[in-house]
Each structure stands twice: as C-alpha cells, then as structure tokens.
Amino acid sequence: MTAGTGEPPLVDLRQVSLTYRLGKEETLALADATLGITRGEFIAVVGPSGCGKSTLMKLVTGLLPPTSGEVRVRGEKVVRPIRGVGMAFQNPTLMPWRTTRDNILLPLEIVEPHKHQFRRRRAEYAARADSLLASVGLGGFGDKYPWQLSGGMQQRSNLCRALIHEPEIMMLDEPFGALDAFTREELWGIMQQLWLERRFTAVLVTHDLREAVYLADTVYVMSRRPGRIVMAKAVDIPRPRTLETTFEPHFVDIVHELRERIHQEHA
Amino acid sequence: MTAGAERALRIAMPWLAMAVFLIVWELACIVFDIAEIILPRPSRVFEVMVLRWDILIDFCLQTLWTTAAGFLLAIAGGLVLGLAIGASPFVYSGLYPLLIAFNAIPKVAIVPILMIWVGVGATPAVITAFVISFFPIVVNVATGLATIEPEMRDVLRSLGATRREILTKVGIPRAMPYLFASLKVAITLAFIGSVISETVGGNRGVGFLMLSAGARNDAPTTFAGLFAIAVMGVLMYALCALVEKRMTRWAFRGELIA
Ligand SMILES: Nc1ncnc2c1ncn2[C@@H]1O[C@H](COP(=O)(O)OP(=O)(O)O)[C@@H](O)[C@H]1O
Ligand SMILES: [Mg+2]
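Sequence order for the protein chains is A and B. Mapping the first sequence onto my numbering, position 197 (from 1) lands on 227, and the numbers just tick up by one. Mapping the second sequence onto my numbering, position 98 (from 1) lands on 458, and the numbers just tick up by one.
No lab work stands behind these hints: they were computed from the structure. Incorrect hints may have been included.
Claimed, not checked - FRET-style restraints, in silico, Cβ to Cβ:
| no. | chain 1 | residue 1 | chain 2 | residue 2 | range |
| --- | --- | --- | --- | --- | --- |
| 1 | A | S79 | B | E366 | 46 to 52 Å |
| 2 | B | A368 | A | L273 | 55 to 61 Å |
| 3 | B | A368 | A | Q147 | 52 to 58 Å |
Unchecked claim - Subject to a maximum C-alpha distance of 30 Å in a straight line, what follows is the list of computed DSSO-like cross-link-like pairs (lysine-lysine):
| no. | chain 1 | residue 1 | chain 2 | residue 2 |
| --- | --- | --- | --- | --- |
| 4 | B | K529 | A | K145 |
| 5 | A | K174 | B | K529 |
| 6 | B | K544 | B | K467 |
| 7 | B | K529 | A | K107 |
| 8 | B | K529 | B | K605 |
Backbone N, C-alpha and C fix where the C-beta goes; we use that ideal spot for every residue, glycine too.
Could you build the full structure based on these sequences and the hints that come with them?
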C-alpha cells in the first residue's frame, strides 16, 4: 500500500458478484458490489429482503468464494474463511448443552493464541466472560443454560460470544431482527457502547432503517435482487447517540432519505 | 378426584390393564374350555415359570448377554459409521445406498448363513443382534450431524475451526440425543435378533427354550418363555429410556425432568 492515499481500507470489495447454483438453476444474488470499510468503521447494509445482504456478509468473511471480483481483507485476497471474525445472526445459535458462560467461551477454545492457553487460563477467561455478560446486563446468568433465557437475553449472550476473543471484525446479520421493539432499542445502546469501547470494524445487516442510522457511520442501500449497492450515506451524527437522538430532525431526515431510495426499488 | 389420587391412578393404569388382560384370558380359557396345548391359562404359565425357574433364569441370562453384546457392538459401530456418514458427503454417497439395501434384507435370512460360518450357539445370536440393531443407530447419528444449523457452522468456520473441531464441538454433542433416542428402538431390535437366532440355530437361550418346548407340545413352557421375553423386553426398553432422559437433559430443555 502506498502512502498518501490515506489509510487503506481494512475490507475492500472490488466488483464482487456471486451466483448461486442449484442444479441447473442459477441465482445472481449479488452484482458488482464495490465498497471499502476502514478500520474501526461501523457500516450498515440495508435493502429489501432477498437482495443479497447475507450473501455479502459471507463473501466478506470468506465463507463463500465470489463468482467474480475480489475481496481483500488487510490487503490480502480472501480465499478461505478469514480468522478472528465475530459473527452474530438473527438466530442466536447458542449450544443448548453448554451453559451460557461455556457458550461464550467457545471462540477462545478455537482461536489462537487462546486455544493453547485455554486450560491453563480457564479461570481468567471465565472471569472475562462473566464481566462481558455483566456489561450487557446479564450479570450472574453465566450458569444458566441458553434455553432458560429469553430471546433478548440469548441475543445478548450471542453478542458476548461474538466479542469475547476481541475480533477485529464483527459481522452482525440482523441480530436484533427477532426481538421486540423495546429490547431491540435497548440493545442498540449496548451495541454502541461496546463499539465505543473496543472500536472493532463492524458490518451490520438490517432492514430497520432507524437501527442502521443509530449505529452506523455509513449506511449502504442495496437494490432488489440482483443486489447492487445503489447508495452510500454517511451518518454525521455525533456519538454517543441516544434514543432521544432518533427523534431529532437531522436523524429523521437521514432515515427519510434512505426510505425514499428503498421505495424506488419497490416502484 | 384429588390430583394425588389421579396421579396414583395414572401410574397404576398399565398394571391394572395388564391384570384385566390376564384375568380375561384366564376366564376365557375356563369358560370356553380351551385345551392347554392350544392356549394355556396364565395361572398355569406362572406355575410352570416357578417350577422351571432355574432353567428359565439360565436361558434368560443367556439371551440377555447375547443381546447386550450385540447391542453394545451396534452402538460402537453405529456411532463410528454414523459420524463418518454424517460428517463426510463422500462416505455418505458411497455407503448410504448400500446400507439401505442391506437394511431391506430380512435379517432372519442371514441366520442360516451365519450358522454355516460360525456354527450354532451364542456367536450367531450376538452377530444377528448386532446386525439388526445397527441400522437405526447409524441413521440417527448421521441425521444428528447432518442437521447442524448452517449458522452454527458459519460461526465456527469464521472462527477458523477445523473440520475436526466442528465435529467435536457441535457434531458429536448434537448427535448424542439422536443416538440415545435410537437406543430404545435398537435394543428392542437387538433382542428380536438374538431370539430369532436362538430359534433358528441355537442350543441355549429363551428362543431355543420356546422352540424345543413347542416341539414337545409343551405349551405352558413355550408361553413361559414368551412371558419372560416380554418382561425382559420391557425392562431393557425402560433402561434405555432412562439413560436417554439422563444423558440428554438439554434436548428436553429440562422440562420433562422432574
Ligand atoms: N445457498 C443458497 N442457494 C441458492 N440460492 C440462495 C442461497 N442463499 C441465498 N440464496 C438466494 O440469494 C438471494 C440473496 O439471499 P440473501 O443474501 O440471503 O438475502 P438477504 O440476506 O438480503 O435477505 C435470495 O434470492 C436467495 O434466495
Ligand atoms: Mg439475510
């Protein structure tokens, strides 16, 4: 990377397309996506359902190889799943046979260098999991099993699991999608707090425009399938943002602008 | 009726039903004057069971151990093969059709072949029990593995987990309730397998007892064997059901455990 062009993007997508093949049937899910995410940036991707948002996420993490184009992370071309990513989906996917604490510890059993120190530093890691749980308002719930927790509590635990190994990149695929409005808005605050403390690079997929504007530095709007990025909107609202912020005219204006653009897609 | 009495009644129901069944049977035999050689009265069967207690116990234990041996082999083999099939698409596409074809063969048909190979006695019984109870275990374990949520897999893969780690961290724990659920079916089948084998080519065991008593027109002893089989079958089923509940608490979300 040459100096003078500013910091190179941590994640760089160049004309990435992806076609799913199921037998003879081909689905072009994503077309010519080009975008860059700088280190520590929080981006949100919004768009109609089925437009390829989850696909975009799998491409960035290398879970899927692009059909054409190129994905680079830290300047390196992605050819296999990249390591040290934290992921949280709409479905919390906690393991029902593990306690909440042991669920959160899972990444430390897999990611180096923790993997080799896991037995030795187990007590310390468990304490880390507990303090993380406390920071999302679940102090003392470590010994409970996931199925003893409500949906919102499971999703908080899910975020803890995605964060415990302090990943550089966080992938959030509609993590608040299945929650009620109150829990969802509370978790926006928690998410922002965690991001302000740790400054990971985050990609949030959502269909909630207020959520996108609340959390993101840049919001990308995707078109209907095949998904193309049709708009990138920088959100210049200072942080920390609060629920009050969401009623301020500037916030509302941005949400309206995004909504207009998405409505064109449905026209 | 109070809740306590209702619960007591519910627990007593299977025993009451059984008692009614035996009484009706007994009365029918008396009223219609059925010959003992055709259908002995239950009281007569119990009498024979007491009279021939030593040989009955001896043959029951014989059947029990061949069943248990075949069953344990089936668990070990079924687990390994089920994991292999569930974890690898290649093993799956290669072996699955073969397994289906194999399972379609009536297992009685293999007992004479086994007798040619290993002679009569306990060995063909163990092998038949193994062969017949193997299939449901394999299928269940493979299903448990194959139905891992794709998101769970993605979470692990993006952490950099190897295939082996995915198997040990999610695959095997997830397959466990499926394994334990298959045990109830498998133990029943293993039992059928060893009794069939004893009937066709045994020199001991409950199946052999029934066959030889039948040949002597000794209906009460035949029925005594049948009763013994029923009791053992229920006990083994209950044992497996208990193990299943104990081992897979999470799969029941803790609700069913009092
Ligand atoms: N594994 C797959 N095989 C075939 N088609 C798929 C697969 N996954 C997604 N698709 C299709 O690709 C399109 C985009 O999917 P996705 O990225 O999940 O959309 P979104 O997350 O925006 O709702 C959809 O039309 C979907 O039907
Ligand atoms: Mg999606």
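Verification of the hints:
Distance hint for A:S79 and B:E366: a CB-CB separation of about 50 Å, consistent with the stated range 46 to 52 Å. For the hinted restraint 55 to 61 Å between B:A368 and A:L273, the CB-CB distance of approximately 56 Å keeps it satisfied. The supplied range of 52 to 58 Å is met by B:A368 and A:Q147, whose beta-carbon atoms lie about 56 Å from each other. The hinted pair formed by B:K529 and A:K145 meets the criterion: a straight-line CA distance of about 13 Å does not exceed 30 Å.
Simply put, A:K174 and B:K529 have alpha-carbon atoms about 19 Å apart, close enough for the 30 Å limit, and the pair holds. Taking the CA atoms of B:K544 and B:K467, the gap is about 19 Å. The hint holds against a cut of 30 Å. For the given pair, B:K529 sits about 29 Å from A:K107 by alpha-carbon distance, which is consistent with the 30 Å threshold. The hinted pair formed by B:K529 and B:K605 meets the criterion: a straight-line CA distance of about 21 Å does not exceed 30 Å.
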